Amino acid sequence: MATNTAVYSGHSGVAKFDVGGSATVVASITGFGISNTGDAYETTVLGSSARTYLPGLTSATGTISLLWRDDDAAQLALYSGPGAAAATLELYPSGVTAGIKLSGEVIVTSHSIDTGLDGAVTSEVAVTFTGAITKADL
Amino acid sequence: MAIQMYDKQGNSKIVENPQVQDHLRSGWKFKKPAVVEKPQKEIQTKPHWRQRRRIKILKAEADVINNNNKEK
Numbered sequence: 003m004a005t006n007t008a009v010y011s012g013h014s015g016v017a018k019f020d021v022g023g024s025a026t027v028v029a030s031i032t033g034f035g036i037s038n039t040g041d042a043y044e045t046t047v048l049g050s051s052a053r054t055y056l057p058g059l060t061s062a063t064g065t066i067s068l069l070w071r072d073d074d075a076a077q078l079a080l081y082s083g084p085g086a087a088a089a090t091l092e093l094y095p096s097g098v099t100a101g102i103k104l105s106g107e108v109i110v111t112s113h114s115i116d117t118g119l120d121g122a123v124t125s126e127v128a129v130t131f132t133g134a135i136t137k138a139d140l
Numbered sequence: 108m109a110i111q112m113y114d115k116q117g118n119s120k121i122v123e124n125p126q127v128q129d130h131l132r133s134g135w136k137f138k139k140p141a142v143v144e145k146p147q148k149e150i151q152t153k154p155h156w157r158q159r160r161r162i163k164i165l166k167a168e169a170d171v172i173n174n175n176n177k178e179k
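If you read the sequences in order, they're chains A and B.
Start counting at 1 in the first sequence, then tack on 2, and there's your number in this note's numbering.
Start counting at 1 in the second sequence, then tack on 107, and there's your number in this note's numbering.
Source of the hints: derived by calculation from the structure; they are not laboratory data.
Now the stretches of chain B that chain A is said to cover, found in silico as 3 or more residues with beta-carbon under 8 angstroms:
id: 1; stretch: 120 to 131
id: 2; stretch: 135 to 141
If you want a taste of the chain A side facing chain B, the calculated C-beta under 7 angstroms gives, among others:
id: 3; residue: Val-21
id: 4; residue: Gly-22
id: 5; residue: Gly-23
id: 6; residue: Ala-75
id: 7; residue: Leu-78
id: 8; residue: Ser-82
id: 9; residue: Gly-85
id: 10; residue: Ala-86
Since we're looking at a predicted model, the values are computed, not measured.
From the three backbone atoms N, C-alpha and C, an ideal C-beta is built for every residue, glycine too.
Using the sequences plus the hints, can you model the full thing?
The following block contains the structure:
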């Protein structure tokens, strides 16, 4: 299917996480995000009037916000992520049938479960990509 | 962190995070199985009888058997 030419609607987003080798949909997601950054190595020398830089290494991190579920294998795999080996994360910003897929190997750097008086039990997952993110059209 | 996991027989154990994915690949689950799979008994096969070859004796040569001449 071709890449969307329209603006994406965020409510169709899907995330899949590695459960024993197969990408499994993570239940009850309320949002996710990816931040891709690149280092800039300064090359400014005396006598310059403006700072100059060289492009450096890239890195990417991501977050997934969830309503906590203890009956979902993918959520429990994310819960077990901190300290474990890198696993595959797939993110579909506009759903699995249109738009793009962003995927890569991630290390789960944090997982939290948050309970409050006035809301559902929520969970927050932070990941760091090891290697590059791959973008593919659906 | 560690998490409780179950095998198909319903056995459970606490698995440390670095071993969770390996356990998932080996068939362990996070959820206790609703139907417990009993360990398989040793398969007993029926004894296989060899069919005896039937040989039709046309001419008896041994003295014990061949008593035809004596009767004459």
